[in-house]
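The listed protein sequences derive, respectively, from chains V and Z. Counting in our numbering, the first sequence runs from 1 upward without gaps. Counting in our numbering, the second sequence runs from 1 upward without gaps.
Worth flagging that the hints you see were computed from the coordinates, not collected in a lab. For each residue, glycine too, the CB sits at the ideal point set by N, CA and C. There is no bait here: all hints are sound.
List of simulated lysine to aspartate or glutamate pairs, DMTMM-like, C-alpha gap at most 20 Å: (1) K111(V) <-> D346(Z); (2) K348(Z) <-> D110(V); (3) K54(V) <-> D346(Z); (4) K96(V) <-> E335(Z); (5) K149(V) <-> E335(Z); (6) K348(Z) <-> D99(V).
Computed spacing ranges between beta-carbons, pair by pair: (7) M32(Z) <-> S93(V): 36 to 46 Å; (8) V122(Z) <-> M119(V): 30 to 40 Å; (9) G143(V) <-> T55(Z): 49 to 59 Å; (10) D28(V) <-> E364(Z): 42 to 52 Å; (11) E5(V) <-> E380(Z): 37 to 47 Å; (12) K61(Z) <-> G143(V): 42 to 52 Å; (13) S145(V) <-> G67(Z): 52 to 62 Å.
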Amino acid sequence: MLKIENLHVKINETDEEVIKGLNLTIPDGEVHVIMGPNGTGKSTLSQTIMGSPKYSITEGTISFDGKELNNMATDERARLGLFIGMQYPTEISGIKNVDFIHAAMNAVADKPVSVLDFMNRLDYVMNFLDIDESYTDRYLNEGFSGGEKKRNEILQMMMIQPNLAILDEIDSGLDIDALKVVSKGINHMRDNHFSSLIITHYNRILRYVKPDVVHVMMGGRVVTSGDYHLAEQLEQNGYAQLRDQLGIDVKLVDE
Amino acid sequence: MSMSVQEFALSHNEPQWLTVKRIVANDMKNTMRVPAPLRKFHFESPELNPCSIDTQNLAPKNLQDLGIIMMDLFAAANEFPELIQENLMEKAIYWRDNALNANHLAYLQSGGFVFIPKDVCVDESIDISDLVDHNMQEKHLLIIAASGSEVSFTYKDSKQQPKNDRLMIEVLLGDHANVSFYDAAMTNSEKSHRVLNAYLAQNANLKTYVGLFNHGDSRYYSNIDLDGMGSSARINLVSLSDQNQNQVVQTKIINKSPNTSGLISQRGIVADKSKTVYDTTGQIKLEASDSDSDQISRLLTLSPESKGKIDPILLIDNHDVVAGHAASVGKVNPEQLYYLKTRGIDAKTARFLLTRGFLTPLIEKFPDKTVQEHLLNNLEERIHG
Numbered sequence: 001m002l003k004i005e006n007l008h009v010k011i012n013e014t015d016e017e018v019i020k021g022l023n024l025t026i027p028d029g030e031v032h033v034i035m036g037p038n039g040t041g042k043s044t045l046s047q048t049i050m051g052s053p054k055y056s057i058t059e060g061t062i063s064f065d066g067k068e069l070n071n072m073a074t075d076e077r078a079r080l081g082l083f084i085g086m087q088y089p090t091e092i093s094g095i096k097n098v099d100f101i102h103a104a105m106n107a108v109a110d111k112p113v114s115v116l117d118f119m120n121r122l123d124y125v126m127n128f129l130d131i132d133e134s135y136t137d138r139y140l141n142e143g144f145s146g147g148e149k150k151r152n153e154i155l156q157m158m159m160i161q162p163n164l165a166i167l168d169e170i171d172s173g174l175d176i177d178a179l180k181v182v183s184k185g186i187n188h189m190r191d192n193h194f195s196s197l198i199i200t201h202y203n204r205i206l207r208y209v210k211p212d213v214v215h216v217m218m219g220g221r222v223v224t225s226g227d228y229h230l231a232e233q234l235e236q237n238g239y240a241q242l243r244d245q246l247g248i249d250v251k252l253v254d255e
Numbered sequence: 001m002s003m004s005v006q007e008f009a010l011s012h013n014e015p016q017w018l019t020v021k022r023i024v025a026n027d028m029k030n031t032m033r034v035p036a037p038l039r040k041f042h043f044e045s046p047e048l049n050p051c052s053i054d055t056q057n058l059a060p061k062n063l064q065d066l067g068i069i070m071m072d073l074f075a076a077a078n079e080f081p082e083l084i085q086e087n088l089m090e091k092a093i094y095w096r097d098n099a100l101n102a103n104h105l106a107y108l109q110s111g112g113f114v115f116i117p118k119d120v121c122v123d124e125s126i127d128i129s130d131l132v133d134h135n136m137q138e139k140h141l142l143i144i145a146a147s148g149s150e151v152s153f154t155y156k157d158s159k160q161q162p163k164n165d166r167l168m169i170e171v172l173l174g175d176h177a178n179v180s181f182y183d184a185a186m187t188n189s190e191k192s193h194r195v196l197n198a199y200l201a202q203n204a205n206l207k208t209y210v211g212l213f214n215h216g217d218s219r220y221y222s223n224i225d226l227d228g229m230g231s232s233a234r235i236n237l238v239s240l241s242d243q244n245q246n247q248v249v250q251t252k253i254i255n256k257s258p259n260t261s262g263l264i265s266q267r268g269i270v271a272d273k274s275k276t277v278y279d280t281t282g283q284i285k286l287e288a289s290d291s292d293s294d295q296i297s298r299l300l301t302l303s304p305e306s307k308g309k310i311d312p313i314l315l316i317d318n319h320d321v322v323a324g325h326a327a328s329v330g331k332v333n334p335e336q337l338y339y340l341k342t343r344g345i346d347a348k349t350a351r352f353l354l355t356r357g358f359l360t361p362l363i364e365k366f367p368d369k370t371v372q373e374h375l376l377n378n379l380e381e382r383i384h385g
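If we strip away everything but chain Z, and leave its shape as in the complex, we get:
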């Protein structure tokens, strides 16, 4: 039996400030806008059922020893209100932005919280996949990397997914923090809406690596806020769509302060009757002198019925900057295909090699070798079959 937001909050002993915030969001959501590309992703509110939560620090022993916290978000809200109250859906993802965000906060079913203390460095990538219950519709991850910390995170979807899937990830970087985030977005959900937003303080450095290889319709939104002077962000995204899939990837880096740097690199394969849209924005605010903003987006369409579209946008308010964009949508190059065939490679294999080769230069930038293989194997399964 479904519960009200308030009953649900009580069932896992949520702090009152959070329950009040949820109720306000629930009351206000109907007055908020629904962005046009997200209309189909304004899901029905999920059924809320009582849940018990683990209040322990779930970080592996060696990470706990460094002071790292990995916890259920609701438990963390009780234990670390000073870290969560002012950050949860207030900085990197703002709950008042639209009706979907407000409803997400009100009906948030499962969440994870990660805190990396000041100056802590971890070599191996931290897997944060199990901090959320993958079966739930509304999921959230809040990650705070304190000043001077150096870490990388991996998030992988599990095979079980709800019909409608939403995951919102917020990454907050303190001064001089250095964070890499790998997201293997491979859900089987019919509809999947994912947000990966970040807020960077002074001289912070973020690199995201996204493999958008999901199966259903999807919206992947990433908004990086270069608020601190000297901060920099690199978004690296590869995507694959096939059958009747419909993908919209919206990435945006905003340079707000001097000496900031943003680079978006995206490459995607569009097969069968699918459609992929890259909507890419680099914005340099007036205050952000000596900054740069660059974007390179390429889509490869494999059939006459597959559609690829790129909207590259640069919004520049300061003239003392370097900015550029490159975009292309194209088919397999017939000259290259012929060259491979002259060496005895059959047409099907040649097409596959060229398709894989199209993504390879970007996949090879992904730091983790197993991640690279994971992506390439997945591509081979779906394209070479």
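This is chain V alone, in the form it adopts within the complex:
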């Protein structure tokens, strides 16, 4: 279970506080969605959960399965079962996808994954996600299209099998076919031991991945939560109306 209490986070480079007293709990087995206008701290939240060196926690705690994450290194968090599917996955020349994923699985697993087991699983997952064979020998994300990169994040998730997957705008820049594939991957992971935090602008991914809870973030806090219908309501009425309904005093970036 992920538990975030009274979280305050600043961006190191600018010293600007972006998250201002955020509370969030994601029990095992549940898929939660965070929606919110641009510049409201959604990506900051996901990167902070993973321990990005770009952000600092100034107050509050993040814990996972009862262990406090605040001062834990990123790779330790990953070995605890956390995973992040990035909005902009990094390109790394010189490291092959296949070698990278094997190294990642070995890092997270209790004992090394044999080459045979690894290749069998990779075959299965690539087939499941409709990823071309040539992909394995290509360098990590190098020269990948936006859709290929996102698909690669989902592939990694399915290979590593984390307990909590944070998916940061995994749906942006995807055409319908790719969106369906990505959603299929997420749904395939769903069970009692897997939970997910999906960050998105649009509810179109929610047509394929049914969330247990939808949260709305504004001004660095979760301002309201609800079920799937909250997302539909937002789609119809927009963030400004919701803000005014709730009587919150924040300025929307795109206003």
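The hints should help you fit chain Z onto chain V, whose structure is shown.
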């Protein structure tokens, strides 16, 4: 007991023209310049001791059957004066160029000669490492690939090396000759000076692959002369320096004739308190229309105390050409490091993967798989430890 140049020459029955050439070089060396970056590599002349030499063709049987000659240089000077007299330190490396070259010729202790006859093609790489005595300071290799021949060579250093080490390699390519040269420069010498120069006739094609993974201070100089119309050269070099090492890599390709093409690709890792300098020149002479010259050099520094420097130079006298250069010196990319860590890979392993990944795209161009593994294993030993 040390001998004079003349006594040494007599001890292995060298031809007189060579002895005279050595004596002239010895007499003239003090009037010649010592290039500034090579000042510390102007070694004391080595002690000359009597040596007996093998006068046989040392090429493996299957290569001898093709007419290939691999011999001690001094023995070859007797047997093939017409091939050696006008080429030894006259074309690819010129003995009058500087005091180091002259002294090298005068005090040359061990040498090898390789001749590939016209139109001979060999598939597997020819190992020429044992043609020189690795324990000697002044060593030389003269390689002639006659017109239309197609070969590749491998040179590997042995573990035993003198305190000061100098190896000069000359490769001469006839018309349409196609040569690949792999040099695993992994000496343990305190100071190592290596020269790999080549001269190309018409439509000749040379590719060099250098793994400069030595341990001491080093100067690696490579000068490729595209003299023949339509000739082309590719220099591929990866380097690694650590501890207090100081490396200078100076590469130069000169386009002298029309339709010539030169490309220099270099990538290096600079660790600990070491320093690496890439001094890279592409020169296109006025006569060399329709030619191209390109260079890509990148250095990765692993610690705040490691220093990398690149001097890319293009000297263009003809305007009907394509020329370019790219150079970068940088640290491990923090975004990439973070990405690997988000997958559970610990910081040390992540750094190593990125360091190895930095060299991999260039190492993968090396044609020989065992060579690739040799380099990658060596890198892992020294960086991952």
